[in-house]
Every structure is written in C-alpha cells, then in structure tokens.
Amino acid sequence: MTSVRLLVVEDDIAIQRLLIRALKEAGYQVDTADTAAAAEPLIMKGVHDAYIIDLGLPDGDGLELIQRCRTQGSTAPVLILSARRSVNERVRGLEQGGDDYLTKPFALAELLARLRNLLRHAVPIPKESLRLRVGDLQLDLVRREAYRNSQPLRLTPQEFVLLEYLYRNAGRVVTRAMILKNVWQMRIDPATNVVDVHIYRLRNKVDSEGDQPLIHTIRGVGYVLKLP
Amino acid sequence: MFSNFLRGPRDTAAWRLSIWTTLAFAVGTALAFLVIYLLVENSVRERTDAWLSGEAEVLSNVAMNTPQDSLYNRIVEEVAELATREIPAENSENGQNQKSIFFAETAERQPPLWIGPEPRKAFLTAIDRAHLTPGMPQSIYVNDFPIPFRVVASGKERGTLVYLGLIDRSAISLLDKLVHRFLEVWAGMVLLGFVISYASAHRTLSRIERIAETVARIGSNDLGSRLPEAGNSDEISRLSRTFNHMLDRIQASVNQVRTVTDSVAHDLKSPVTWIRGRLEATLSDDDDTSWREPVAEAIEGLDQMAELLNTTLDLAEAAGGALHIERALIDMTSLVRQLIDLYQPVFAERQIALETEFHEDVTVDGDVAFLNRVLGNLLDNELNHLPKACHVYITLKQLDEFAELKIEDDGPGFSPDLRQRAFDRFVKGKQSAGHGLGLAFVHAIVRAHGGDVSISDRPGGGAVIVLSLPRGNKDRRS
Chain X
5 MTSVRLLVVE DDIAIQRLLI RALKEAGYQV DTADTAAAAE PLIMKGVHDA
55 YIIDLGLPDG DGLELIQRCR TQGSTAPVLI LSARRSVNER VRGLEQGGDD
105 YLTKPFALAE LLARLRNLLR HAVPIPKESL RLRVGDLQLD LVRREAYRNS
155 QPLRLTPQEF VLLEYLYRNA GRVVTRAMIL KNVWQMRIDP ATNVVDVHIY
205 RLRNKVDSEG DQPLIHTIRG VGYVLKLP
Chain B
581 MFSNFLRGPR DTAAWRLSIW TTLAFAVGTA LAFLVIYLLV ENSVRERTDA
631 WLSGEAEVLS NVAMNTPQDS LYNRIVEEVA ELATREIPAE NSENGQNQKS
681 IFFAETAERQ PPLWIGPEPR KAFLTAIDRA HLTPGMPQSI YVNDFPIPFR
731 VVASGKERGT LVYLGLIDRS AISLLDKLVH RFLEVWAGMV LLGFVISYAS
781 AHRTLSRIER IAETVARIGS NDLGSRLPEA GNSDEISRLS RTFNHMLDRI
831 QASVNQVRTV TDSVAHDLKS PVTWIRGRLE ATLSDDDDTS WREPVAEAIE
881 GLDQMAELLN TTLDLAEAAG GALHIERALI DMTSLVRQLI DLYQPVFAER
931 QIALETEFHE DVTVDGDVAF LNRVLGNLLD NELNHLPKAC HVYITLKQLD
981 EFAELKIEDD GPGFSPDLRQ RAFDRFVKGK QSAGHGLGLA FVHAIVRAHG
1031 GDVSISDRPG GGAVIVLSLP RGNKDRRS
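Line by line, the protein sequences give chains X and B. With the first letter of the first sequence counted as 1, position 41 gets the number 45 in our numbering; the numbers rise by one all the way through. With the first letter of the second sequence counted as 1, position 443 gets the number 1023 in our numbering; the numbers rise by one all the way through.
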C-alpha cells in the first residue's frame, strides 16, 4: 500500500482537506489539484495509480478532463465525485472514462472501499486463499462453511455471504449501503433497520457468549469485523 | 368603449377583419345585382323585340301584298304611321314620336321608303353596316342619337327588306334607374355592413384583448386571478376556460413547489438544529471521553438529511420526466422474493407476520434498481405504520398485460383524507416519522414505468396497495 500514489482533483477546499487526511491515514500518497488546468499536467506525468476527480470544477467539466486524459493514453482508474445524483449523469460519467462514481455526500468508508476496489482491478494482487481466518473464526469458501473455535456455525447461505463480505473487508468499516449493494446486490436506502437486523442475527451466531466479539458496530458509519 | 372603438383602429384585427368582410360583401352583392340586371334587361328587351318583330312582319306583309303602283308608297306610309302610334309610352311624349321610331323599306328601286327622324342617311348607313338578319332584333347606334335603336329586319321577296326601329329609351331608362337605385342602396348596405362587422369583430376581439390583459396581469404573485367565463360555449369562452384550466394547473404546481420547498426547509431545519445543539453541548463538555455517542448521532442525523435531499431530487427528476429508466426483462418473482428475504427478519423482529403467495415466472418490463427501491419503500412503509401483531399479505400475480403486486395489511389503514393525497409529496400520517416521500416516490416510479398504483381500504380493516406493472415480453429476451 505504501507506494500507491493518488491524485485528488477537487476545488472545494474543505472536501479536499478531508480527502487528503482520510487517504493519508489509509496509507496513500496524495497529490492535489484545484482546477482542471492544474490537474492536466500532473495527470500527463503518469505517476499516479488512481485519480479522484470532482465533476464540478471551476474551469470546466471534470468529464472533459477525464476524456482528454483518456484520449492521451492515461489508463489509471478514475473515481468520479459528483454532487449530481441523476442516473443519466452517472451513466455519462462511466461511459466517458470514469471507472466508478460516488455522489456527495458520501461515507469515507465507502470512498476507501471503492478506491481499494479500483486499485485491485488495476494492480494485480496474489490470489486469495480459499480459507480465511480472523482470530478463531475460519471461513471455508469452497464448502461455504464457517467455524468458530473449530466448531461449525449454522449459517444460512445468505448469512454466509454477509459474513464473507465482512471477512474480506476485515479490519475495515463497511457501511449499510455497501452491505446492501455487495451482499444483496441492491441499491436501496431503507428507512428501516433492515441491515442491522441481519447483522444482529449473524452476530448471535458468530459471537456467542463467552467468545471474543468480532463483529463491531461503528455507530453512525457501519460495521467492522476485527479482533478487538 | 367608444374611445376604444376609435383608438388606432387601423392596427387592430377588428379593422382588418371588417375590411375584408365588407369587401367580400360588396363584391358578392355587386355580382348578385349584375345577374339581376342582366335578367331584367333581357326581359325588357324581349317585350320591345316581340312588338318590333310582330309589326315588322305586318308591315312587310303589307308591303309585299300592295301592288307596286303609284299608291304603294302612300298605303305603306299610312300603315307604318299607324303602327308607330301603337306604342302608348311614346305617344304621350307627343312630337317625339317621329324621333323615337322609324320605318324603312329598301328595294332595288331608290330612294328607299323612309318614315322617321332625319337625317335618314345616317340611319340607312347604320342599318347597312349592321347586316341585320331578318327576325333577329339588334341594338344599333346612330350618329347624333345617344340612345341606341332596336332594329328588326323582316320579310322579303323581290329584294324588298322592311326595317322597323324603335329607340331603346324605355329599357335604357329603366335599367339606368335600376343601376342608380342599386348604387344608392348598395353604398348604404356596404357602409352599414362595414359598421356592423367592425362593431361585432371589435366586440368579439375586445374579449380576447381582455383575456390578454388579464393574463398579462397574472404574475407569479397573483395566480389566484381567473378570466371571466361567459355562459355560452363559443371559441372565446373555450379559450377563457382553457386559460383558466392552465392557470389552475400552474397554480397547483407552484403551490406544490412551495410546499416542497417549505417542507424540505422544515425537514432540514430540525436535524440541523439538533445536530448543532448536540455537538455544541459535546464541545462544552469537559469530559473528553464522552464524544463518541453524540458524534455518531450527528452522523446519523446528517445521513437522514442526505437521504431526504436525495429522495427529493429523485422525485423532482421523476416528476420532471427526466428519469432514465433502463428497461429489461425482470423476473419479478425472484426480485420480490429477494426483497422479502431481506426484510423478513425485520418483520419478525417487530412481530408482524408476513405471508406471501407468488405466481412463478412473473415478468415485468422495468428497471431493477428502481423496482428494488419501490418495493423497499413499500415494505418500509408497512414496517413503519403497522403496530405489533398485524399481518401483511403479499401476492404477486401475472395478469394478461400486467404483473400485479398486492400488499394487504390488517393495520389501522389510511384515513380517507390521507388516502386521497397519499401519493403527493410531503403528505404523511400524523404519527409518521418519515418525510412523506416514500409513496410519492413509488407512485412516480411506477408511473414512469407505464404502470399504476392504487390505495384502497381492506374489507375488515387495513389497507390494500395494488401495484400494476407492464408485463415483460419473454420473446424480447435475446
């Protein structure tokens, strides 16, 4: 992670600062640009592993910047930030060279997850092992079974998928929207505690009494699977 | 009104309209008169001509049957004199007779026999030039006589031709009178027609003028004004009514925009207030360890605000018809089943029984992402409004053209007032904790799909929401 270098193109100083701080904390090297004009020569250097580009730049549409860079041969993944939420806008953004699209306001956890996802596409990483382990929790991805202290947990298939998602992001916070999108493949925004109820149920099975709790609630953000 | 009537009339449509109407009227009546004139002329001539032909016949017979001796001229002259006296109108103008009628008999011998006004030479030349066919009367102009003569030729054996001519005065004067009278009446009629058509056009068009003035006066601050609607249903009344309907719609949507703006502002103000207060209290708290809880609450509050903004924007987009729906053939049965699987634990937690009955392979032509949100909203709605121990029945059926999703519950149901406006934005029940956007969103999305959604009472208490979505066409699957 240490050598991954990002370019953030964002004119809103408050958001720029927030991104710099969060990304640096996550271990990335960060360069910034306020305008499309300032960003273009930086992109041309070709030293960045990914770009985070805001669409509403003062000197032009971020989409044009992305398109220009793409036509000049830049291949690093682009995460588009936008205040515009319209579906058409999203489609256009992705068609014109963006790799992912995040609308403001967003959770930092989600931004980091999306970024990891993009970098994983871009930078090949070693194939994941088929057996995963956090503390005394073990997942067998082939048999679709989970063990705690070598005792099998009775999980429904859905619960296993949920646990696997938490597992793959072990140590990192995932939001409810991320869970819904990645576990249920739904982009919905429930007005009820739908996800929480599933997590409670899973937690009851995974963190039974006497065990060290592994699934933690980060209030206001989401959940994380980690050793305490 | 009267000053209006005269004010710059040339710029008005009423003026132009009445000019054209009057012109058409004038030309039309003139043509009608022309036809009448020709008919009258014809019939007047016919009378004169019949008399002329008859007399000429008699005279030519007399001329033929009288022996060509020394008495011949006298006899023929006498008969001709008698004949010329037969016209009463001419007789009354004594002395004029000689000038208004003539008789000529030409034969090989010269000079021709002549009874009539002088100089006979001019008459005989004119007759000669005319080449009259016997029996066919003709108008001939003779020098010095402004009025033409009707002349008929008749008879002839032994090269003798008899000509009888009668001045055309009576016909001409009758026709002249006709033309004069017509012109007088016509001028009056045209003037009157112009005045009437201008007045009526002006009256009609001034109603349009009033509409224009009223509409111009209606600004965004005065959307309550309406145009007066006349009792009848002519075009202008219809125009007024159409304008009024348009104003009704504009007023409704402006009011709706105001409601939306007010509601968004109101719904944002209260979380902003409590988030601010909570953080302020945390800052002034000396205990450095107790910040987690308020910060988490603040984030949750901000998430709610973001959700409100997003849904409002989505709804605005949907209402503006700008929604981009990516249609595909959707297996509705499994889509509903997935959502039920997601929501089932929450229903169980709140002790609400969820029963389902699905037809298999129900298909819909729609957008997965939006339909997921629609179903999510409906299920959230049930969860948020049903007390414990209620039942929810969900059925999914494939009908001919539509897939029908029915969500029934035995909860408190909708109040009649609420049921009518349930799909409007920011309309919510008194106990509702939401923003009143859920059902509005459902409605907008289903409509954008070409489907429909309705709310009714369930017999025995509770509510029924029926969603119908256009059926997907399996043949289209490639």
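FYI, nobody ran anything at the bench for these hints, they're computed from the structure. Treat the numbers as computed from the prediction; the structure is a model and nothing was measured. Be aware that a few hints might be false.
[To be verified] Far from chain X, some chain B residues (derived; all Cβ distances over 10 Å):
(1) V624
(2) N641
(3) F774
(4) P808
(5) T841
(6) E877
(7) L882
(8) Y923
[Said to hold, decoys possible] Straight line, CA to CA, 27 Å or less: simulated BS3-like cross-link-like pairs of lysine-lysine:
(9) X/K230 <-> X/K209
(10) X/K209 <-> B/K968
(11) X/K185 <-> X/K230
(12) X/K28 <-> X/K230
(13) X/K108 <-> B/K849
(14) X/K49 <-> X/K28
In this text, a Cβ means the ideal position worked out from N, Cα and C, and glycines have one as well.
So, going through the hints one by one against the coordinates:
no., hint, in the structure
1, V624, "holds, 86 Å"
2, N641, "holds, 108 Å"
3, F774, "holds, 60 Å"
4, P808, "holds, 43 Å"
5, T841, "holds, 18 Å"
6, E877, "violated, 7 Å"
7, L882, "violated, 7 Å"
8, Y923, "violated, 6 Å"
9, X/K230 <-> X/K209, "holds, 16 Å"
10, X/K209 <-> B/K968, "holds, 26 Å"
11, X/K185 <-> X/K230, "holds, 21 Å"
12, X/K28 <-> X/K230, "holds, 21 Å"
13, X/K108 <-> B/K849, "holds, 20 Å"
14, X/K49 <-> X/K28, "holds, 21 Å"
In summary, the structure is inconsistent with hints 6, 7 and 8 from the numbered list given earlier, while agreeing with the others.
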